[in-house]
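Student: Here is how the chains run, residue by residue.
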Amino acid sequence: MNSQNIIKRSATSEITPAPHVRDHQMEVAKLIDVSTCIGCKACQVACNEWNDLRGEVEENVGVYDNPRDLAPETWTLMRFTEHEEEETGKLEWLIRKDGCMHCEDPGCLKACPIPGAIVQYANGIVDFQSDLCVGCGYCVAGCPFDVPRISQKDNKAYKCTLCSDRVAVGQTPACAKTCPTGAISFGSKEEMKTLAATRISDLNERGYENAGLYDPEGVGGTHVMYVLQHADDPKRYAGLPKDPKISGVVEGWKDVLKPAAAVAGAVAVGAMAAHFISVGPNVTEEGEESPDDAA
Amino acid sequence: MYSLGDGAKNAKPRIFHIEGDPDHPVSRGSLCPKGAGLLDMIHSKNRLLYPEYRAPGSKEWVRISWDEATKRIARLLKDDRDKNFISHNEKGQLVNRWLTSGMLASSAASNETGVLDFKFARGLGMLGLDCQARLCHAPTVAALAPSFGRGAMTNHWVDIKNANVVIVMGGNPAEAHPVGFKWVIEAKIKNKAKVIVVDPRFNRTAAVADIFSPIRAGSDTAFLMGMVRYLLETDQIQHDYVRSYTNATMIVREDFAFHDGVFSGFDAATKSYDKSSWTYETGPDGNALRDMTMTHPRSVLQLLKQHVDRYTPEMVETITGVKKADFLQIAEIIGSCSAKTKTLTWLYALGWTHHTGGAQIIRGSAMIQLLLGNIGMAGGGVNALRGHSNIQGYTDLGLLSLRVPGYMNLPSDNQQTLQQYLDETTPKDVIPGQVNYWKNTPKFFISMLKNLYGKHATKENGFDFDLLPKWDRSYDMLAYFDLMYQGKVNGYIAQGFNPLAAMPDKNKTSLSLSKLKFLVIIDPLVTETSNFWRNEGRYNDVKTEDIQTEVFRLPSNCFAEENGAIVNSGRWLQWHFAGQEPPGDARHDPAILGGIMTELRRLYAEEGGACPEQLLHMTWDEDTYHDPSFPHPEEMAKEANGYATQDIYDDSGKLLYKEGQLLNSFADLRDDGSTQSFCWVFTGSWTEAGNQMANRDNTDTGLGNTPGWAYAWPANRRILYNRASMDIDGNSWDPHRQILHWNGEKWVGADVPDFPATIPPGKEAAPFIMLPEGVGRLFSAKGMNDGPFPEHYEPVESPIAKNPLHAKVTHNPTARIFQNDAERMGNRTEFPYVATTYSVTELFRHWTKHSHLNAMLQPEQFIEIGEKLAAAKGIGHGDTVKVTTKRGYITAKAVVTKRMRTLNVAGQEVDQIGIPCHWGFEGATRKGFLANTLSPGVGDANSQTPEFKAFLVNIEKTDEVAA
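Line by line, the protein sequences give chains Z and Y. Quick note: the first sequence uses our numbering, first residue 1, plus one each step. Quick note: the second sequence uses our numbering, first residue 1, plus one each step.
I should point out that these hints are in silico values taken from the structure, not numbers from a laboratory. Backbone N, C-alpha and C define an ideal beta-carbon position, used for all residues, glycine too. Don't take each hint at face value.
Listed below are several chain Z residues computed to face chain Y (Cβ distance under 7 Å; list not exhaustive) [to be verified]:
| id | residue |
| --- | --- |
| 1 | T36 |
| 2 | A46 |
| 3 | N60 |
Per the computed footprint, the stretches of chain Y lying under chain Z, defined by three or more beta-carbons under 8 Å from a beta-carbon of chain Z, are [as the list claims (entries may be wrong)]:
| id | region |
| --- | --- |
| 4 | 12-25 |
| 5 | 29-43 |
| 6 | 850-863 |
| 7 | 872-883 |
| 8 | 897-911 |
Calculated Cβ distances over 12 Å to all of chain Y for the following chain Z residues [as the list claims (entries may be wrong)]:
| id | residue |
| --- | --- |
| 9 | T12 |
| 10 | R22 |
| 11 | D105 |
Produce the entire structure from the sequences given, and follow the hints as far as they go.
Tutor: Spelled out as structure tokens, the structure:
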């Protein structure tokens, strides 16, 4: 990807807008069909391998989720939920690949006080320009999906790039290419929606009346979408928020405070970061990730 | 594989990235977590870089040179062989065997290395030879060969997409075979297929299945015989197919019987059967009698009805714990596939093979598929899913104690001449007009002898038949390690094999290895076996100084560093190319074996010794290989295919091959020494037209068949028995699944016909060409050791008091248990819970734990336990537990889950505990116990593959530090 492909840029006022001449390009999306995901974690490995990430060998804490959580060195991971239907006793093992959703209206980008540290390309990918990142944590607070993680090593934020380097040269993201069952697809957002519709109708036929597409409007839609068997209850999938929104604090703050912060520089940013980190990811609801659900 | 450099002399290739091959018809560019993590396996910190030596009693490795290692190993082998070689047995029969040293060959190595493994071991007269197939799919061969004629996956991965119903039992392909599993998902998405999983655990295959039922581990035979009963009772069978293509019509001898769990001919003293009654009644012409109405009381169909009559849905529930309603729901779906236009594919793996009755479980599915008319059909079949990358190839190459290449047996003591061997092993016709392809056994066997012994093999000396070691009993791994335990084995070679981790009853294995005088490890990675003498605290609590075994550790290449072929589950021989050289001073396996063999040959030529001809006649010389100390894979690939050893003419005098030309087909093999071929089923894989295994044309010729991709044995056939996809007149049972048609002259179509191409429709020849009857066997005749019909027997360690079918015969009467192992069996009072071991998707056996990328995904030993039992035992998520059997204990983290349910079996509650088997005291994962500390040393009655899937344990929460 090239700087001319950037259409949105953090902490940048309307006086110096992002370039728009090279916008004649396809909006991309990754579609994750939860109903055909076998939780094999090949995507996790391919992500780590391609992106030169090596996390710690942790412990088993009584669940299949390993590593335990997203981390600076873990940009995607499987979250496993055992769900038993109360009436029928039917057991489901729901496995959701978690990671950056690449929101059309990215809360992280809006929250970021450093000019150009978070960008969005014309194809929709949201990317961190890590050399500019100061590790303030605003993006963490701004993300309705609790995705970015700050590294203890270099105090910078990290998350999935949707393999922007691969996509730029016509390759699919590493996770999508490796996915053995084809549960991860990649293409134009429109194609992915069409594909999702065929999957949803198959699931409807198999008795999943509430199967549907997860492409939440509250963040302007996402460039990573899910086909869910139970789209009426996304929380069932390890706490996927039902109606994610960028927090009002970030929305308001973006217009009022951020330019000042940008001028004031990193010291002021650091002080504010402390506040926003303590606020935490705004939209995650309580109890969504209790250990019982995550087993 | 992406490798540094452009091949320039100064650019040393080094692999820096691996992703899937998008052209590959099966993977289509995808990789499973193990495949995606291979970069860290190839560059693991645990790669061995130079030869090492551990002296008796020593606590450390010492680096030695290749020259020193090779010479010392050759000397140790020769001295032991010369001292203990048995040229004649007690009866005075010539046997030429060496029992005090043995070898494990690696099913992760290429076919070409496998050729050398065989020549190496048999060239020395070893019988203690096995590969991972012994611990894996040996029961598949034991079950499918007597059922259909060949012991391999009938269809292939891509073909699964053609199924209407996918049944997974005794396997977990979403986890163990994710890349192939895409074709199950394809069947679901494109073919609206229903996926059914029956397994002790709700696993990740169940997560995407339509129907799941839990089952008690070790009870599958009862489920399957119940299914046979349901199909017969409800008359949901494919009648035309059953009549024409199975032995349902054949009349069984009058003295065949089955009473109270025992078939006719049982000898309690030897725990074995005299199988003479297990065959067909013959007429005056010697041909087997048939009743095409299948109503004769002794027709196979009627006998089968009688045999399965006891397996009512209620009895199935009693034995298996599968609820009657669930059983019937599944039965209804299976029954619907008796329609000619619906097919069901059966997928299984080690969940079936790892039982004392493993082969008979597999027989059960073979019988159901015959009744449904699903063998030979696209989207049908009994599909054995293979594990190790080349375990199919190593099985094909006969790297098992009593086998030779191409599914033939090593001669026994009583087969003293070539002629006698051939007379006894070549099947006679039993029904007129059948193909009975094994009648060509002499051509295959003599061509193999000609390959092994080259110019020394002449018609006059029986093609050096005498030099093949003869056997008196099985020397499978369980048997051989028991001999080792008794102190009767001195030397052992473990190539790409980690028996301390892979064998059952690790503590016994450890004591066995301690009794060796020398152990030679050939491996790319550090294995627990290579360090079996090292004290690792609780994980390997041995007295190092007391272990007097000398150990050599020789670093070898991994798959990414060699050219060669590996055979996938679908029998495709696929050629791969090296991406880099082995690291450090590591050598290719052929160079390691070649170095030792060259030194041995030098010693025998100079010093003489016990039966020097056995190895000096073996084709391992300058005439065979450009460099016998490092034969190139291309040389072995070609000899596996085979050559004409002289000019060959057809009956009309036309020249078919000039001397030295590669053969096109096993149909051209001769029994007069004019052809040689190491492994007849591979003939056609490397012809004068080039290396067919490297073919990369992925054109779909129909129904997902890609005959231009790689080379499938036999004769590039992709769907075995495909003639059975049509009725006897050549009409496809299902027009949408037409694989072949008769074009007026021969059979042609999407696949190569698994049938003589020019036998026209309407002839009596039936599709199962490898069986003398020509038809599939519902009644396996003399093919199995423990009965022609499957019968449910309890696992040796059973949670219930007695077999609900026959209280006096609770266990398989023919199961072999050595006294040393019998003493290590537990009972249900002390060990009340059923345990089952398995692999999880993140790791491959004990190999990929060396890859950091994979170690992150499943960092340490855990067990799975149901919520109910966990609550009763006070065990919570992530608690450390101690799991104990009579044989030892392990500690592990507890995964408390809804996916393990308490079952009701024979009127009592049975809880099952899942034990993944991956970790150990070496690797990038956290250190821990070897899970096979727990499993028992008893094997399948037909193949001696150990019981890893159903045994008894106790479990307690512990304060000990986690694994």
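Student: Could you run down the list of hints and mark each one as holding or not?
Tutor: For each hint, the structure was consulted:
no., hint, in the structure
1, T36, "holds (5 Å)"
2, A46, "holds (4 Å)"
3, N60, "holds (4 Å)"
4, 12-25, "holds (count 4)"
5, 29-43, "holds (count 10)"
6, 850-863, "holds (count 11)"
7, 872-883, "holds (count 4)"
8, 897-911, "holds (count 3)"
9, T12, "holds (35 Å)"
10, R22, "holds (29 Å)"
11, D105, "holds (32 Å)"
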